[in-house]
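Trainee: Residue numbers (my numbering), protein chains in the order written: chain A, 1 to 275; chain B, 1 to 293; chain C, 1 to 432.
What the hints contain is simulated information worked out from the structure, not anything from laboratory work.
Among the hints, erroneous ones may be present.
[As the list claims (entries may be wrong)] Okay, derived cross-link-like pairs now, DSSO-like style, lysine-lysine, Cα gap no bigger than 30 Å in a straight line:
(1) C:Lys428 / C:Lys404
(2) B:Lys198 / C:Lys177
(3) C:Lys191 / C:Lys177
(4) C:Lys177 / B:Lys258
(5) C:Lys428 / C:Lys177
(6) C:Lys191 / C:Lys422
(7) C:Lys428 / B:Lys258
(8) A:Lys192 / A:Lys101
(9) A:Lys99 / A:Lys267
(10) C:Lys191 / B:Lys258
(11) A:Lys192 / A:Lys99
(12) C:Lys316 / A:Lys132
(13) C:Lys191 / C:Lys316
(14) A:Lys132 / C:Lys422
(15) C:Lys316 / C:Lys428
(16) A:Lys267 / A:Lys132
(17) B:Lys198 / A:Lys132
(18) B:Lys258 / A:Lys267
(19) A:Lys132 / A:Lys192
(20) A:Lys267 / A:Lys192
(21) B:Lys198 / B:Lys288
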Amino acid sequence: MKRLKLDSGTLMVNGSLAILSALTLFPLLWMLSASLMAPGEASTFPPPLLPAVPTLEHYRTLFGNQGLGRQALNSLLISVAATLLSLAFNLSAGYAFAKLKFKGREMIFRTLLGAMVIPGQVAMMPLFLMLKQMGLVNTYAGALVPWLAGVFGIFLVRQYAQGIPDDLLEAARLDGANEGQVFLRIVLPLLKPIVVTLAVLVFLGSWNDFMWPLIVLTDHELQTLPVALAGLSREHVQDTELMMAGSVLTVLPVLLLFLVLQRHYMKGLVMGAGK
Amino acid sequence: MKARSLAAWVFVGPALIAIGVFFALPVAAALVMSLTDFDIYALADLANLRFVGLDNYAELLQRPLFWQALWNTLIFVVIGVPLSIGASLGAALLLHSRFARFQGFFRTALFAPVVTTLVAVAVVWRYLFHTRYGLINYALSQFGVTPIDWLGDPQWAMPAIVLLSVWKNFGYNMVILLAGLQAIPEDLYEAARLDGAKRWALFRHITLPGLAPLLLVVSILTMAGHFQLFAEPYVMTQGGPAQRTVTVLYLMYEEGFKWWSLGSASAVAFVLFVIMFGVTLLQLWASKRAAAA
Amino acid sequence: MSSAASRPCTRRRWLKTAAAGAAAAIGLPACSPHRAGTLRFWAMGREGEVVNELLRDFRTERPDIRVQVNRLPWSAAHEKLLTAFAGDATPDIAQLGNTWLPEFVALGALLPLDARIAASPDIVVPDYFEGIWATNRIDGHTYGLPWYIDTRLLFYRRDLLQQAGHERVADTWAAWKDQLRAVKRVVGPDKYALLLPLNEYDPLVALALQGGEPLLREGGRYGNFRGAGFRRTLDFYLSMYTDMLAPPASSNEIANVWNEFARGYFSFYITGPWNIGEFRRRLPAELQDAWATAPLPGPDGPGASVAGGSSLAVFKRSQRPDEAWALVNYLSRPAVQQRFRALTGNLPPRRSAWEEPALRDDPPSQAFRTQLERVRPVPQVPEWERIATELRVLLEQVVHGDLKADAMPAEMDRRADRMLEKRRWMLKRASA
Chain A
1 MKRLKLDSGT
11 LMVNGSLAIL
21 SALTLFPLLW
31 MLSASLMAPG
41 EASTFPPPLL
51 PAVPTLEHYR
61 TLFGNQGLGR
71 QALNSLLISV
81 AATLLSLAFN
91 LSAGYAFAKL
101 KFKGREMIFR
111 TLLGAMVIPG
121 QVAMMPLFLM
131 LKQMGLVNTY
141 AGALVPWLAG
151 VFGIFLVRQY
161 AQGIPDDLLE
171 AARLDGANEG
181 QVFLRIVLPL
191 LKPIVVTLAV
201 LVFLGSWNDF
211 MWPLIVLTDH
221 ELQTLPVALA
231 GLSREHVQDT
241 ELMMAGSVLT
251 VLPVLLLFLV
261 LQRHYMKGLV
271 MGAGK
Chain B
1 MKARSLAAWV
11 FVGPALIAIG
21 VFFALPVAAA
31 LVMSLTDFDI
41 YALADLANLR
51 FVGLDNYAEL
61 LQRPLFWQAL
71 WNTLIFVVIG
81 VPLSIGASLG
91 AALLLHSRFA
101 RFQGFFRTAL
111 FAPVVTTLVA
121 VAVVWRYLFH
131 TRYGLINYAL
141 SQFGVTPIDW
151 LGDPQWAMPA
161 IVLLSVWKNF
171 GYNMVILLAG
181 LQAIPEDLYE
191 AARLDGAKRW
201 ALFRHITLPG
211 LAPLLLVVSI
221 LTMAGHFQLF
231 AEPYVMTQGG
241 PAQRTVTVLY
251 LMYEEGFKWW
261 SLGSASAVAF
271 VLFVIMFGVT
281 LLQLWASKRA
291 AAA
Chain C
1 MSSAASRPCT
11 RRRWLKTAAA
21 GAAAAIGLPA
31 CSPHRAGTLR
41 FWAMGREGEV
51 VNELLRDFRT
61 ERPDIRVQVN
71 RLPWSAAHEK
81 LLTAFAGDAT
91 PDIAQLGNTW
101 LPEFVALGAL
111 LPLDARIAAS
121 PDIVVPDYFE
131 GIWATNRIDG
141 HTYGLPWYID
151 TRLLFYRRDL
161 LQQAGHERVA
171 DTWAAWKDQL
181 RAVKRVVGPD
191 KYALLLPLNE
201 YDPLVALALQ
211 GGEPLLREGG
221 RYGNFRGAGF
231 RRTLDFYLSM
241 YTDMLAPPAS
251 SNEIANVWNE
261 FARGYFSFYI
271 TGPWNIGEFR
281 RRLPAELQDA
291 WATAPLPGPD
301 GPGASVAGGS
311 SLAVFKRSQR
321 PDEAWALVNY
331 LSRPAVQQRF
341 RALTGNLPPR
351 RSAWEEPALR
361 DDPPSQAFRT
371 QLERVRPVPQ
381 VPEWERIATE
391 LRVLLEQVVH
401 GDLKADAMPA
411 EMDRRADRML
421 EKRRWMLKRA
431 SA
């Protein structure tokens, strides 16, 4: 337990960190504060930091006739579905690339790594046309498609799965388990940390995703929160406080999720970078 | 062995099929589409489609807006990437310092913007940047700086977006670099200190080389991300003022989904890919040279 | 919004997502929030907000028809409609800006309405303003029914104009410019006389339509910006900036347009009918007698303006065209149009709908009534919106000094010609 020494080094470093943290958190705190201000209060001079009389009317409006409630539900459903699907696809593929021998395994994996360099936007327009042919434009399925085709998740799982000792798997096979049982009963429990990390990464990524849902979900009823918020912001440029409430609504769930699971999230980041 | 091989294919099959159908195929299709004049007429009736070879690319190179977009994007990359990595490195060094306390709290606070939804915070920052009622100008005015029209002045619009981007993303690299710093063995520092090395020398000869591989990864990832700037201009400036915040991806979006010139838009996408690929190769080559030196 | 219809939908979705995972998700049905057999109607902005209210009587008249209104913001509406067309997800009826009609007709997306119009007792074609009706006629067929009009004319500070020594706005460009100069002398050097925002192309287009020459030549195959007509307009328009009569700013840089108008920062503003309501709402009470509207002056006499507005169109892929038509027909009745006007402030496209005290005795609206007899359509080619956007971009560059004014018409023609190239090819192919 270090003693709290107040020498210049401690003061400078922690002082800097405190100032930096304050500057970093300030926009988010102001967002919350402004969302509770009376209409028009934020656009006064000098700009206020705190509401004179806090009010929840903007949140009522958002869930009322502006109808962001529906969009919040869409975001939730799509993010959950994307997480589940991504986990299903990436866990099995990542494990296979790490521990199951099959022809061309290394070559295929290296091709996938190369594919990660291609920006996803290149594929967006033809993918849109393809989904149109399949009748999936303006559906939840259409919004989920890119999450099936992620390479990063496979890479992450493979990294982690390589750490599983082979003898464990061999022993299970000798006991008569088939590959499916080995995967479900032995591998998955061992992969639990990476499951949580990947789940957090995908959930955050799909909740915050903007460009693809903007393109593929045209019906206001089906839009996700970021898309609806962007549309709202173009129309309600003058209604600062209402927009802040919309932002709070969009940001709060992921911020809370992050606070609870931050260790896993950051671990995943570090692992992803350590190639 | 055979059964295991079959099982392996069952495991990787779904992912590979999904990647093949929903990624590889569209990318190939985009390449083909960029060689045609696919537009709204072709959307209505495929008979209106013409194969135009490299005309889309040639036409792009002659279009002033394309060069403007390229320039805008480059400014964002050239200013934004060093600032972002610099801030990340600085924050990581502060957190790693032996004087630092409450590291958990600070790390969370500094990382928070990374997980927020970009659209939501872009909306917030749009109000912070307001010429008259925005808190940024208000704070600056306390230091005697005249109000800047952040989002209306062609000179300041991109710097405003850089500011937002650095704030949003510096935490990401900070965490990665922090892990890298923690991986450098303490003994190296101890030994150097015993030899009388001062702080700057420690940084130059131990920290930087120790971080070098991670810094390379970070700079490649950050640069790639910066080339793909889209959401901020879409929400905050709609490409303006005077088209000064139109980026390459924004151009692609407008070309493709506003005007439905999909052939032209695909050409933009491929040009972007080639540029990013080239820059990445450049970085790898430069780092090899630096390592050899 | 039929929330009752979507509730069982949501439950179904929860079950599937929880139970099935991967395979089910790919085949997840497009759980659309409307029941089969509902008319889908897309409307924008304020109109979208009030349409349900407007349709209450329609629902009594036709209880067999269910209508679901989808509200789109104006800024995204054009994109959304095109995306919907590309994705085979168009509604049954949509409100379309009438400048968008040529585009959707070229796509083959809209149903021609001639036969239905002829058969409807509610629709009397001569009752509509000619310029407005013309925007809905493309290649000899009618594809939309005008819903409300939009045009641009002058909103101005009558009190400042009187201080400058004039009772009413002049009829010709030259005389009007003198008036602007007089007003500028009254308000002083750090204010202006007229607001011409650099991020809007409508004022420029409105004045360009007065030029006497079409903006595109040879049936919309080439740009005609090098013609004398457009050049005359351009010179006049640019002189407003160079003579310091208009600020070289976009409307975003003017913090709040109404506040600045009240402040006298500018005294003239070329804008549309929605501002009648906005001016009444946002200007202080003491200034309500100080503002007025006037039709646009022209080069040699009272000038024309742009025939804008929204129409109602039925999509060809609609499964229920007869019911869609019934709804469109209902909305075109003069009485319903008057109710629509009362709810939104939008001005009716039919002369008979103007015969009510609310409009007859309202001076600001009467200027619109006069102007409506002198409106002209913009070139009816699908590429027009794109060309108009380029016009705005080049205007901004000239005002900012990045492009020489003399070079602008030629550059505009070069860009317009490039944009029209595909149209030329298609016309050539069709005639071959």
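Trainee: Each hint should be assessed against the structure and marked as holding or not.
Mentor: Okay, the hints, checked on the actual structure:
| no. | hint | in the structure |
| --- | --- | --- |
| 1 | C:Lys428 / C:Lys404 | violated, 35 Å |
| 2 | B:Lys198 / C:Lys177 | violated, 74 Å |
| 3 | C:Lys191 / C:Lys177 | holds, 16 Å |
| 4 | C:Lys177 / B:Lys258 | violated, 38 Å |
| 5 | C:Lys428 / C:Lys177 | violated, 44 Å |
| 6 | C:Lys191 / C:Lys422 | violated, 46 Å |
| 7 | C:Lys428 / B:Lys258 | holds, 26 Å |
| 8 | A:Lys192 / A:Lys101 | holds, 23 Å |
| 9 | A:Lys99 / A:Lys267 | holds, 22 Å |
| 10 | C:Lys191 / B:Lys258 | violated, 37 Å |
| 11 | A:Lys192 / A:Lys99 | holds, 17 Å |
| 12 | C:Lys316 / A:Lys132 | holds, 18 Å |
| 13 | C:Lys191 / C:Lys316 | violated, 52 Å |
| 14 | A:Lys132 / C:Lys422 | holds, 24 Å |
| 15 | C:Lys316 / C:Lys428 | holds, 26 Å |
| 16 | A:Lys267 / A:Lys132 | violated, 38 Å |
| 17 | B:Lys198 / A:Lys132 | violated, 64 Å |
| 18 | B:Lys258 / A:Lys267 | violated, 40 Å |
| 19 | A:Lys132 / A:Lys192 | violated, 37 Å |
| 20 | A:Lys267 / A:Lys192 | holds, 13 Å |
| 21 | B:Lys198 / B:Lys288 | holds, 28 Å |
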